[in-house]
Structure formats: structure tokens, C-alpha cells
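Novice: Please model the entire structure based on the sequences and the hints provided.
Number of protein chains: 2
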Amino acid sequence: MKPFRDLIPFDKAREILLAHVPELKDKENVELTQAVGRVLAEDVRSPVSVPPFDRAAEDGYAVIAQDTFDAGQYSPVELEIVGRINTGEYKKIRVEHGQAVEVATGAMLPEGANAVVRVEDTEKEDTKLRVYRAVHPGFDVAPAGEDIKSKATVLKKGELLMPSKIGALAAVGIANVNVYKKPEVAILPTGDELIEPGAALVPGKIYDVNSYTLSSVVLENGGVPKVYGYVRDNVQDIEEKLKQGLKHDMVVFSGGSSVGERDLLVQVISSMGKILFHGVQIKPGKPTWAALVNGKLVFGMPGFPTSCLNDAYQFLVPALRKMAHLPPKREITVKAKMSRRITSTLGRQQFFTVRLEGDIAYPAYKTSGAITSLANSDGYIIIPATVDLVEKGEIVEVHLWR
Amino acid sequence: MKPFRDLIPFDKAREILLAHVPELKDKENVELTQAVGRVLAEDVRSPVSVPPFDRAAEDGYAVIAQDTFDAGQYSPVELEIVGRINTGEYKKIRVEHGQAVEVATGAMLPEGANAVVRVEDTEKEDTKLRVYRAVHPGFDVAPAGEDIKSKATVLKKGELLMPSKIGALAAVGIANVNVYKKPEVAILPTGDELIEPGAALVPGKIYDVNSYTLSSVVLENGGVPKVYGYVRDNVQDIEEKLKQGLKHDMVVFSGGSSVGERDLLVQVISSMGKILFHGVQIKPGKPTWAALVNGKLVFGMPGFPTSCLNDAYQFLVPALRKMAHLPPKREITVKAKMSRRITSTLGRQQFFTVRLEGDIAYPAYKTSGAITSLANSDGYIIIPATVDLVEKGEIVEVHLWR
Numbered sequence: 010m011k012p013f014r015d016l017i018p019f020d021k022a023r024e025i026l027l028a029h030v031p032e033l034k035d036k037e038n039v040e041l042t043q044a045v046g047r048v049l050a051e052d053v054r055s056p057v058s059v060p061p062f063d064r065a066a067e068d069g070y071a072v073i074a075q076d077t078f079d080a081g082q083y084s085p086v087e088l089e090i091v092g093r094i095n096t097g098e099y100k101k102i103r104v105e106h107g108q109a110v111e112v113a114t115g116a117m118l119p120e121g122a123n124a125v126v127r128v129e130d131t132e133k134e135d136t137k138l139r140v141y142r143a144v145h146p147g148f149d150v151a152p153a154g155e156d157i158k159s160k161a162t163v164l165k166k167g168e169l170l171m172p173s174k175i176g177a178l179a180a181v182g183i184a185n186v187n188v189y190k191k192p193e194v195a196i197l198p199t200g201d202e203l204i205e206p207g208a209a210l211v212p213g214k215i216y217d218v219n220s221y222t223l224s225s226v227v228l229e230n231g232g233v234p235k236v237y238g239y240v241r242d243n244v245q246d247i248e249e250k251l252k253q254g255l256k257h258d259m260v261v262f263s264g265g266s267s268v269g270e271r272d273l274l275v276q277v278i279s280s281m282g283k284i285l286f287h288g289v290q291i292k293p294g295k296p297t298w299a300a301l302v303n304g305k306l307v308f309g310m311p312g313f314p315t316s317c318l319n320d321a322y323q324f325l326v327p328a329l330r331k332m333a334h335l336p337p338k339r340e341i342t343v344k345a346k347m348s349r350r351i352t353s354t355l356g357r358q359q360f361f362t363v364r365l366e367g368d369i370a371y372p373a374y375k376t377s378g379a380i381t382s383l384a385n386s387d388g389y390i391i392i393p394a395t396v397d398l399v400e401k402g403e404i405v406e407v408h409l410w411r
Numbered sequence: 010m011k012p013f014r015d016l017i018p019f020d021k022a023r024e025i026l027l028a029h030v031p032e033l034k035d036k037e038n039v040e041l042t043q044a045v046g047r048v049l050a051e052d053v054r055s056p057v058s059v060p061p062f063d064r065a066a067e068d069g070y071a072v073i074a075q076d077t078f079d080a081g082q083y084s085p086v087e088l089e090i091v092g093r094i095n096t097g098e099y100k101k102i103r104v105e106h107g108q109a110v111e112v113a114t115g116a117m118l119p120e121g122a123n124a125v126v127r128v129e130d131t132e133k134e135d136t137k138l139r140v141y142r143a144v145h146p147g148f149d150v151a152p153a154g155e156d157i158k159s160k161a162t163v164l165k166k167g168e169l170l171m172p173s174k175i176g177a178l179a180a181v182g183i184a185n186v187n188v189y190k191k192p193e194v195a196i197l198p199t200g201d202e203l204i205e206p207g208a209a210l211v212p213g214k215i216y217d218v219n220s221y222t223l224s225s226v227v228l229e230n231g232g233v234p235k236v237y238g239y240v241r242d243n244v245q246d247i248e249e250k251l252k253q254g255l256k257h258d259m260v261v262f263s264g265g266s267s268v269g270e271r272d273l274l275v276q277v278i279s280s281m282g283k284i285l286f287h288g289v290q291i292k293p294g295k296p297t298w299a300a301l302v303n304g305k306l307v308f309g310m311p312g313f314p315t316s317c318l319n320d321a322y323q324f325l326v327p328a329l330r331k332m333a334h335l336p337p338k339r340e341i342t343v344k345a346k347m348s349r350r351i352t353s354t355l356g357r358q359q360f361f362t363v364r365l366e367g368d369i370a371y372p373a374y375k376t377s378g379a380i381t382s383l384a385n386s387d388g389y390i391i392i393p394a395t396v397d398l399v400e401k402g403e404i405v406e407v408h409l410w411r
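Here the protein sequences line up with chains A and B, keeping their order.
To convert, take the position in the first sequence, counting from 1, and add 9; that gives our numbering.
To convert, take the position in the second sequence, counting from 1, and add 9; that gives our numbering.
For the record, the hints were derived by calculation from the structure and aren't laboratory data.
Don't take every hint at face value.
Note that identical chains are pooled: a pair holds if it fits in a single copy or bridges any two copies.
Said to hold, decoys possible - Calculated pairs, BS3-like style, for lysine-lysine (alpha carbon to alpha carbon, straight line, at most 25 Å):
#1 K34 with K158
#2 K375 with K160
#3 K101 with K160
#4 K165 with K375
#5 K283 with K256
#6 K375 with K166
Specialist: Here's what the structure looks like:
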């Protein structure tokens with residue numbers, strides 16, 4: 010009985026995994042007000058020009074630029090004010106030589122005019138306007154289509170809809186948009202010992218943590234968690250729950266993957282699909298496996314909350330984000346000094362949680378069973394598989410949880 | 010007519026602003042599955058110990074450690090197997106000297122036992138167990154309360170509920186939690202020229218962008234956007250809409266704050282509350298103002314989409330996050346080389362948008378009216394108010410939008 014004959018390195022496991030993650034093609038139509046953070050599922054071309062008409066870029070007077078060429082600070086040109094156009098108004102006025110129309114910023118330029126003289130470069134007396142500055146044609150005019158041309162591609166399929174992109178869609182008048190559907194992730198904690206938070210504890214049982222941490226990670230990374238009841242440790246229940254889980258886009262089991270007599274889960278999955286890897290050179294998370302069943306990704310994560318959540322960050326997040334067409338999560342790291350010497354297991358890449366106080370990193374790790382190893386930490390350091398010791402005072406790179 | 014007599018520096022504006030942002034006290038009770046990203050509104054103490062009982066940390070045999078002291082690789086100690094406890098089971102078995110009880114990882118330790126011998130250090134033959142390794146008391150036992158002690162403070166008021174913290178709450182059996190309510194932000198674009206995306210364009214009108222970008226920014230930063238119809242440029246409508254807006258926690262106007270004849274908004278607000286600042290030494294965003302009306306923060310942002318969205322990132326986000334008890338947004342920056350020389354206005358801190366290709370930053374800025382100045386950019390560089398030129402090839406720090 011030698012478990013995990015084929016432990017593979019972390020990078021290899023992640024590479025295999027990502028090579029097998031399908032990018033979902035399903036779309037849904039959402040209102041623009043709800044589209045932030047979603048991913049565009051098709052190219053969007055503009056049905057209009059933005060701005061839709063030549064408009065004034067400043068408060069002032071629409072003029073024929075040529076009329077101002079002789080104007081100067083001490084030699085004003087005099088024009089006749091023949092009307093006013095407010096922002097949002099449409100007026101059929103035409104500017105002829107010697108004339109000016111008062112315009113507000115954003116107002117449609119009247120026909121005939123080709124420039125705007127700013128209000129501060131003028132003096133008004135009844136309908137007489139003195140212009141103290143020469144302007145060239147196009148001055149302070151935002152021409153139609155300056156921002157976006159009609160029929161131009163505004164955004165491309167696959168773009169993440171940040172606020173500015175939402176703005177570009179609004180600008181061309183789009184109120185609904187096709188985005189990729191969020192991947193649904195079935196969450197299936199296994200174990201006869203689990204009871205739901207909120208229920209009363211009974212001897213031998215513990216509260217389920219993994220449904221909640223996994224759901225949270227899924228929510229934070231563009232997925233929809235689907236939490237099922239607990240999978241009991243028998244073949245029939247595993248098969249039944251797996252069948253339910255496979256209705257969704259990805260399935261995550263937790264627990265049931267250590268090497269004991271009752272390790273049924275991996276056996277059942279092997280018989281139904283293809284194991285991509287089983288056993289990774291990491292700590293925590295050694296017994297992690299991933300499989301493809303009916304073309305869908307199925308994960309097996311350790312039952313210990315800290316191991317499971319670390320696995321979620323290291324494997325589930327990149328897989329889910331790829332599936333959802335989201336860019337990889339940006340890691341935020343800071344440098345810190347290790348508060349004391351820590352040892353690690355050769356041959357296992359360790360994710361070691363730390364708490365930061367100023368630029369000192371204190372170990373937050375208690376035991377792999379302890380959720381507080383994570384909950385009381387600010388991030389983790391990675392100790393490579395080839396390193397068994399981090400010295401006190403050594404500079405480490407802390408990967409922050411947020 | 011000299012506008013913006015009291016332009017203040019950006020840092021000063023932000024400082025004044027943050028000094029006047031109230032932290033909301035209202036709480037709401039949410040299910041743990043929905044609590045990720047929220048902020049805890051009270052300390053949480055554990056009603057239980059985690060684990061709730063001494064449990065096996067590995068698959069193996071619960072023993073009295075003293076019975077194994079003479080065991081060695083070539084001199085096994087023989088014990089009698091008197092039962093088995095599965096994970097999640099409660100059995101009233103007592104281990105006496107010379108006895109062992111088979112246990113699975115996570116199973117409750119039987120009475121009398123004080124250590125676990127791992128399965129790989131044993132050999133089983135019917136009910137005979139040969140132990141090949143001495144273990145000390147407590148070996149591979151996770152004692153009750155090892156992770157979290159009963160009545161201990163698990164999480165403190167004000168903590169951001171990341172997945173690991175959600176896990177700690179689940180571990181102590183908490184299914185619902187009191188969090189701070191999300192601030193509601195009334196969004197009030199002003200201007201007679203605005204029409205809603207989805208509607209048909211008519212001459213002189215443009216599509217409203219700011220409702221959509223502002224809503225998106227609010228959603229991304231822990232707030233609830235409340236979008237109202239467009240504020241028309243007259244005193245009555247401004248007063249009426251402001252009254253509606255003040256039912257929420259913060260009010261954001263956009264448009265109507267440049268210095269023109271029709272700049273009614275600032276006048277109306279001044280008469281109803283206290284202007285905190287009006288005019289900031291930034292580009293874009295110079296005409297920005299903030300006020301307190303009935304103790305509530307009211308913003309006036311420029312109507313130009315790019316200026317408005319930049320303002321949202323620079324002023325609204327920090328204010329909203331403080332109000333929501335969220336930590337400041339983490340800025341992600343990268344170094345890049347400027348593709349060409351760019352000029353800036355002395356006396357104005359410029360937020361200049363750029364597009365990244367490899368380590369080269371290309372200007373993305375078109376005009377302050379162009380939403381594509383932002384939508385086609387990856388981030389922005391800050392050109393200080395005292396700098397009027399960035400040379401081609403100069404190393405700049407790009408603040409990424411995500």
C-alpha cells in the first residue's frame with residue numbers, strides 16, 4: 010500500500026488542468042446596469058456616431074472661423090448674435106458671415122458655423138458680440154463621430170466589462186448586451202461527519218466549512234455556486250450526487266480523497282471518467298485530484314478546510330476564471346521579513362500562511378485542519394519543493410489574500 | 010467673471026472629503042452564503058469549540074501512548090483491536106491498556122485513548138494489531154478547541170469577510186451574520202440633452218453614459234446604485250431630485266458644474282448645505298465639487314463621461330468604501346516606457362490614460378468628452394501639477410483599471 014505513486018509538481022498539475030478546462034460558449038442577455046464584471050460574448054459595433062452631431066466643446070459662440078481671423082486682444086471683431094442653442098436643443102438656425110449663435114457646452118453646432126469662440130474671449134452687448142481672439146476652423150468643436158464612428162467596432166468579444174467599457178456601450182445607445190453565462194459550480198462536500206451551520210452539534214459531528222468557503226470563492230470569481238447536501242461515504246450516494254453535479258459546468262468534491270479504507274470517491278470517479286492527476290507535490294493539498302467526466306471538470310479536494318480553501322485558490326480559481334473567460338486573477342504581493350525560522354517538507358511546494366505586522370511576517374499556520382490558519386492570516390508565502398528551511402529574517406514574498 | 014477662484018490641490022480635496030464621510034452604522038442580517046465581501050458589524054464569539062471533541066488527525070488506531078513506548082521498527086508491540094469509529098460516528102467505547110480502536114481521520118477519539126498510531130506504522134491480523142512505532146501522548150490527535158476555543162472571539166467588527174473568514178464563521182456553526190448595510194448612492198445626471206440607451210436618438214440629444222459608469226463603479230465598490238431620471242436644468246427640478254436623492258446615503262450629480270450661465274446646480278446646493286470644495290487642480294475634473302446637505306455627502310461631477318468616471322475613481326470610490334467600512338482599494342501599478350512626449354498643464358495634476366503594449370505606454374487620451382479615452386485604455390499615469398512634460402522613453406507608473 011503505497012499511496013500517490015505519481016505525485017506531480019504543482020506547475021505541472023496546473024498546466025494539465027488548464028489544458029482541459031473548456032471555455033463556456035453559452036451566452037445570456039443582461040441589462041447594461043447589471044453587466045459590470047461580465048465578459049462580452051460578441052463584438053459590438055456602434056449603430057450611431059458619438060457624438061451624433063458636431064457640438065460645442067465649450068460655452069461660447071458658434072461662428073464662421075474665417076470671420077475671427079482679424080480678431081486680437083486689442084482689436085475685437087464685431088459679430089451679430091442671431092440666436093442661442095442650449096444643450097439638448099435642436100434649432101434650425103443658420104450662421105452666415107458676420108453672425109454668431111450663442112451655444113452651451115455640448116450644444117449642437119448650428120448649420121454654417123465651423124468653430125466656437127469661448128465666452129471668456131468675447132464681450133456681449135445686447136445682440137452685439139465682440140470677439141477678442143482668432144480661432145481656426147474646428148476650434149472647440151467636437152465633430153460628429155470624433156469619439157466613436159458609426160459602424161466602428163466599439164468592443165470585442167471576450168472583453169471584460171469594466172465601468173469604462175460599460176460607458177462605451179451606453180454612449181452608442183446599447184441598453185442590453187450579450188455576455189457569457191456564469192459557470193455553475195456544483196459543490197459537494199463528502200463525509201458522514203458534516204452538519205450544517207445553524208443546526209445543533211451532536212457528538213462526533215462537525216460543522217461544514219467547505220461549502221461556505223468554496224461558494225464564496227466561486228462567487229468572487231465569476232461563478233454561480235450550487236451547493237448540494239453532503240455526500241455520504243457510499244458508492245450509491247457518490248454516484249447519485251455526481252450525476253446531479255454534472256448538470257452544472259464544474260463539480261467540486263471535498264473530503265474523501267485521503268488514502269484510507271473508505272476512499273471510495275476516486276474509485277467511483279475513475280470508473281466513470283478520466284483522472285487528470287491524483288496527488289500533487291504541495292502542502293497542504295497533496296491528495297488533490299482532478300478528472301474529466303462527460304467532458305466536465307471534476308475536482309477532488311481534501312476535506313480539511315484549510316487544505317480545501319488553499320486548493321480552491323490554487324486550482325479552482327484559475328480553472329473557473331478560464332471557463333468564465335475572465336482574465337487570471339491579479340496576485341498582489343508584498344515583501345516582508347520572516348519573524349522566525351520555519352521548516353518545510355522537501356519535495357512539497359508549501360503554501361505557508363502568514364500574518365503581517367508592518368514588514369514582519371509571522372507564521373499563521375496552526376495545523377492543516379485549522380481554518381484559523383487561514384482566517385487569521387493576511388496571505389501566504391510559497392516555499393519551493395527544493396527548500397526545507399526559511400531562516401529568521403529572510404525576505405519573503407507574501408501573496409495577499411486581497 | 011473669474012471661475013473657480015479657490016481651486017485646491019487634489020490631495021487636499023481628497024483629505025477634506027474623507028474627513029467628512031460618515032461611516033454608516035446600519036446593519037443587516039445576511040446568510041453566510043451571501044456574506045462574502047461584506048463587512049462584519051459586530052464581534053463574533055464562538056459558541057463552540059473547534060474541533061468540538063478530541064479527534065484523530067490521521068487514519069490509524071487510537072491507543073494509550075504509553076503502550077507504544079517500547080515499539081520499534083523491528084520490535085512491534087501487539088495490541089488488541091476492540092472496535093472501529095468512523096468519521097462522524099459517536100460510539101461509547103473505552104480503550105484500556107493493551108487495546109486499540111481503529112479510527113478514520115476526523116473521527117472522535119474514544120475515551121481512554123490519548124494518541125493515534127498511523128495505519129502505515131501498523132500491521133493488522135484479524136483483531137491483532139502490531140505497532141512498529143512509539144508515539145507520545147497527543148500524537149496525531151487534534152484536541153478539542155485546538156482551532157478555536159469556545160467563547161473566543163473569532164472575528165472582529167469591521168473585518169472584511171473573505172472566504173477564509175466565512176470559513177471561520179461556518180466552523181463555529183454560524184449561519185447568519187450581521188454586516189453593515191451597503192451604502193445607497195443616488196445617481197443624478199443633469200442635462201436636457203440626455204436620453205436613455207435603448208431609446209431612439211433625436212437631433213441635439215446624446216445617450217446618457219454617466220448613469221451607467223457611475224452605477225458600475227458603485228456596484229464594484231460595495232454600494233447600491235439608485236438611478237433616477239435626468240435632472241433638468243431648472244431650480245425646481247434640481248431641488249426635487251435632490252430631495253429624492255437625500256433619501257439615500259450619498260448623492261452624485263453629474264453635469265451642470267461647469268461655469269456657464271446655466272450653472273444652477275452649485276447655486277442650489279450652496280443654498281441648501283455646505284460646499285466642501287469647488288474646483289480642484291486636476292485634469293480632467295477641474296469643476297468637481299462636494300458638499301454636505303443634511304449631513305449627507307453630495308458630489309458634483311463634470312458631465313463629460315471621461316471626466317465623470319475619472320472623478321468617480323478618484324473621489325467617489327474612496328468615499329464610498331470608507332462609508333461602507335471597506336478597506337481602500339488596492340492600486341495595481343506597473344512600470345512602462347512612454348511611447349512619445351506628452352505635455353500637461355502646469356498647476357493641474359493630470360490623470361492621463363494610456364494603453365499598454367508590452368512595456369510601452371501609448372496615450373489613449375482623445376478628448377475629455379470621449380468615453381473611448383477611457384474605454385480603450387488599460388490605466389492612467391499621474392502627471393503632477395508641477396510637471397508640464399513627460400519625455401518620450403521616460404519610465405512612468407501606470408495605475409491599472411483592474
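Novice: It remains to establish, for every hint, whether it holds in the given structure.
Specialist: How the hints compare with the structure:
With identical chains, the CA atoms of K34 and K158 are never at most 25 Å apart, being 29 Å at best within one copy and 47 Å at best between copies. In the homo-oligomer, the alpha carbons of K375 and K160 lie at most 25 Å apart only across protomers (19 Å), although the nearest pairing inside one protomer, at 60 Å, exceeds that limit. Taking identical chains as interchangeable, the C-alpha atoms of K101 and K160 are never at most 25 Å apart, the minima being 27 Å within one chain and 77 Å between chains. In this assembly of identical chains, the alpha carbons of K165 and K375 lie at most 25 Å apart only when taken from different copies (20 Å versus 47 Å within one copy).
Taking the shortest alpha-carbon separations for K283 and K256, only the intra-copy value of 18 Å comes in at or below 25 Å, while the best inter-copy value is 57 Å. Only between protomers do K375 and K166 lie at most 25 Å apart by alpha-carbon distance; the minimum there is 23 Å, versus 45 Å within a single protomer.
Hints 1, 3 from the list above are not met by this structure, while the remaining hints are.
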